[in-house]
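Peer 1: This is what each chain is made of:
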Amino acid sequence: MDNGRNGAGANGLTASSCNVAPVPQSEIAAICERFGNDKHRMLDILHDVQDRYRCIAPSTMDAIASHTDLTRIEVEGVASFYSFLSLTPKGRVTIRLCDDIVDRFCGLDDVVAVFEDVLGIKLGETSADGAFSLETTPCIGMCDQAPAAMVNNVMLTSLTPETARTAAEALMAGQAPESLVSDRFNELSAHERAVRMVENNIRHAGAVLLGPVPEDAGLNNAVGMRPSQIINAVEESGLRGCGGAGFTTGRKWRFAASEKLDRHFVICNADEGEPGTFKDRVLLTERPHLLVEGMTIAARAVGAREGILYLRGEYVYLRELLEGVLEERRRRGLLGKDILGVKGFEFDIRLQLGAGAYICGEEGALISSCEGLPGEPKTRPPFPVSRGYLGYPTVVNNVETFCHAARILDQGAKWFHAMGTEGSHGTKLFSVCGDCLNPGIYELPYGHSVWELLEMVGGTDAAAVQVGGPSGTMIGRDSFHRKLTFDDLATGGAIIIFNGQRNILEIVEYYMSFFVHESCGYCTPCRVGNVFLQKAIQKFQKGLANPEDIDYLKDLSGTIIETSRCGLGMTSPNPILSTLKNFPLVYSAVSKPSKDGIRDTFDIQSAIDGARKIAKRRSYIFDKDFTQ
Amino acid sequence: MSGTEKETGFTFTIDGVEIKAHAGQTIMEAADAAGVYIPRLCDHEGLRHQGSCRVCTVKAGGRSVAACTQPAAPGQAVENETPHLTKMRRDLVEMLFHEGNHLCPICEASGNCELQAMAYRLDMTEATKFPYLEPCRALDASHPDIALDTNRCISCGRCIRASQDVDGKGVFGYVGRGIHRRVAVNGENLADTDAQVSDHAMSSEVCPVGCIIRKRVGFAVPIGEREFDKGLIGHEIEEKRK
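Sequence lines, in order, name chains A and B. Heads up: the first sequence runs through residues 1 to 628, numbered per the UniProt record's numbering. Heads up: the second sequence runs through residues 1 to 242, numbered per the UniProt record's numbering.
Keep in mind that the hints were calculated from the coordinates and are not lab data. Keep in mind that the hints are not guaranteed to be accurate.
List of simulated lysine-lysine pairs, PhoX-like, C-alpha gap at most 20 Å [said to hold, decoys possible]:
hint	chain 1	residue 1	chain 2	residue 2
1	B	Lys20	B	Lys242
2	A	Lys592	A	Lys613
3	B	Lys240	B	Lys230
4	B	Lys215	B	Lys242
5	A	Lys592	A	Lys539
6	A	Lys613	A	Lys581
7	A	Lys554	B	Lys129
8	A	Lys616	A	Lys542
9	A	Lys592	A	Lys554
10	B	Lys87	B	Lys20
11	B	Lys129	A	Lys539
12	B	Lys129	A	Lys542
13	A	Lys554	B	Lys20
14	A	Lys483	A	Lys539
15	B	Lys230	A	Lys535
In this text the structure is predicted, and so the values were computed from the model without any measurement.
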């Protein structure tokens, strides 16, 4: 079954040649014990097992199940869902090359070739001695410095065939991945480590987030306010969720606050996974205190004592930095009991690391993942604000949204409301990548046109711009006057620029393969329909499409959008629909009717190729030229 | 649900027909009670609602929702049997046919199969336009009394819920994700689990297709005299209205 390009298969279930050493039961018991034998901490348990033994072997699943009072199949359901967990052994060093369309256009293939050459294994394979695994993974949030890779927990960016060779040879020589960053890695601070691996590329700092930010000014104001006053301020500012959906933040907080249950939760969604988005990465690196401040303010507003920071597995390199920030704030009395000396104001946060699943950016799936379950969206209603994490009222906001909220409490609702446009207030972080001179982060008030942004970033020869990542809209030059606002071109932040040399169908096919790979598989239309869409696009790419296939694309897309259970399936046909609308010639050019009204979609040569290889001989009937 | 809540009755309409409901009921539960059939595959009486097959998609207040999980609301206008919704449902049923390997003529569930019966009800009578995915899934015949042919599985998960909630066992569960998401068993194979042929999960009413097969009882009722040979799927619900 075609599942896109990823050599490792959807769940990393590729068979491997190395053997699993028997894992002492006492060690599994110790790992489970460390997380209180709590089934809701399953993802943490499995992370530990994976890090230590390079896989979740069947015998360990039995042991984990017995310690956490689950069945083995429930443990397997979680272990087999996430890309970074594996049921078969991975190499002690696992190299995951980022397979985003931007990385492909920046020379991914050459980098892959170098790694294959030096390590002596192909993509999707693990070396026989168990030292290395080489695979690809969808967008890891480094599109401004592509091609990029994760080597265990170390990030490599702006790779070239030369730097890739140096890195691969060092690894082959037995050096630790950390040594690729610095010889003095252990002496560096968590922040130094992060910025040595990954550039921030802040190209334009705005007034709210990336300009000067006074320490805890918002929180200091918030503790003197009643919860309802905090909510009023956030609502009056006009702040809307910055993750993409754009729900009014103040209303969300108000709904959660009005629920009369004894526990409330505040969860930060740091799972930006939309290909081309990397703004939260920069905020997590440069404004982590502002983020936690925003979460703490939200906790006071809705009456939450517990919080979770859900960090995408791809950003594991930021874990130490963030854990350090949480620890520092506990020490300074900004988290924990009696925050800022205010009696009864209690709030603390745990960091939950994801494990490679785009769907976990969806609110309900993110909550499922925090609960130790496969990252599947929840049935709505009930909505998370009334019944979320463990069944309690839960506010889930994105990193940027919490940071904005903290600034609003500092500078006031009017200040924020005055920026931007009607219906889209304040500033927005845009992560710009692709064919432009200055890829990186731009903090701008809402309301700029795409053209203005292109001039700023040095991308005026753009032929197409993908606004909002694959689930957003792809526009052509005739639409560059359109505005970046919720009412016109809504975006979670991703702006991907393509020049006239790029093949639109290749881009669309990549985005569909991404959705096929990242669908959770819960509902029929998303699980199956996206595979059909991808196959149909491949037909266009091969020049085998009829004009009727355009109707087929529209028709099938309509069914998937209308019947899917969550936002992934409701937006996954967008790469096709928006390019059909804005680049119709691309499709009509490759879907001409044939003279006899029939187009041959069956290629006998490729159909018999497998059999030909097994039999080690040619076909007298079908091989046209036997001398080939 | 408390007695008073149950008494809080209200009405809404499905295709213009007034339906009585009470707080806490889903659209489908109220429709079933009133004798209006809404097609479904993953939902089954006595099991938790899952909302995954999406065949029960209806329009409620202009929005498309799964009738098996969406709460009924007072005064709501629900569309059920419209040409548009029937087309959506047929697409979904076709997707399920194309995702697995469904060879009706040689399947012992033929005539008793809800997927097949749903295809007939939704007028899927010709060759379809979707590509076949032709998966190759292993057959599990390890258990003395039960065989599993997951090539015919439509991932409805009814066996998972029946085993967990009715049998109190947990013989089945989902593994993998996306197009690789599958129903699997709690062990190396079925013989490795505590499954018994007398489990509710193994009964012919739980598996809607021919995936869970009870050994030595195949073809006991001849084709032509089977459940859906006699009437369309859903007729027993619709007969309540007559």
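Peer 1: Next, verify each hint and record whether it holds.
Peer 2: Against the structure, the hints:
1. Lys20/B x Lys242/B: With a Cα-Cα distance of about 16 Å, the restraint between Lys20/B and Lys242/B holds, given a limit of 20 Å.
2. Lys592/A x Lys613/A: violated (34 Å)
3. Lys240/B x Lys230/B: The hint holds at about 17 Å.
4. Lys215/B x Lys242/B: Violated, at roughly 39 Å.
5. Lys592/A x Lys539/A: holds (12 Å)
6. Lys613/A x Lys581/A: violated (43 Å)
7. Lys554/A x Lys129/B: holds (13 Å)
8. Lys616/A x Lys542/A: Violated, because 27 Å separates the two Cα atoms, which is more than 20 Å.
9. Lys592/A x Lys554/A: Given pair Lys592/A, Lys554/A holds - Cα atoms ~17 Å apart, limit 20 Å.
10. Lys87/B x Lys20/B: Violated, at about 27 Å.
11. Lys129/B x Lys539/A: holds (14 Å)
12. Lys129/B x Lys542/A: At roughly 19 Å apart (the allowed maximum being 20 Å), Lys542/A and Lys129/B satisfy the hint.
13. Lys554/A x Lys20/B: violated (38 Å)
14. Lys483/A x Lys539/A: violated (34 Å)
15. Lys230/B x Lys535/A: violated (39 Å)
The structure shown violates the earlier hints numbered 2, 4, 6, 8, 10, 13, 14, 15.
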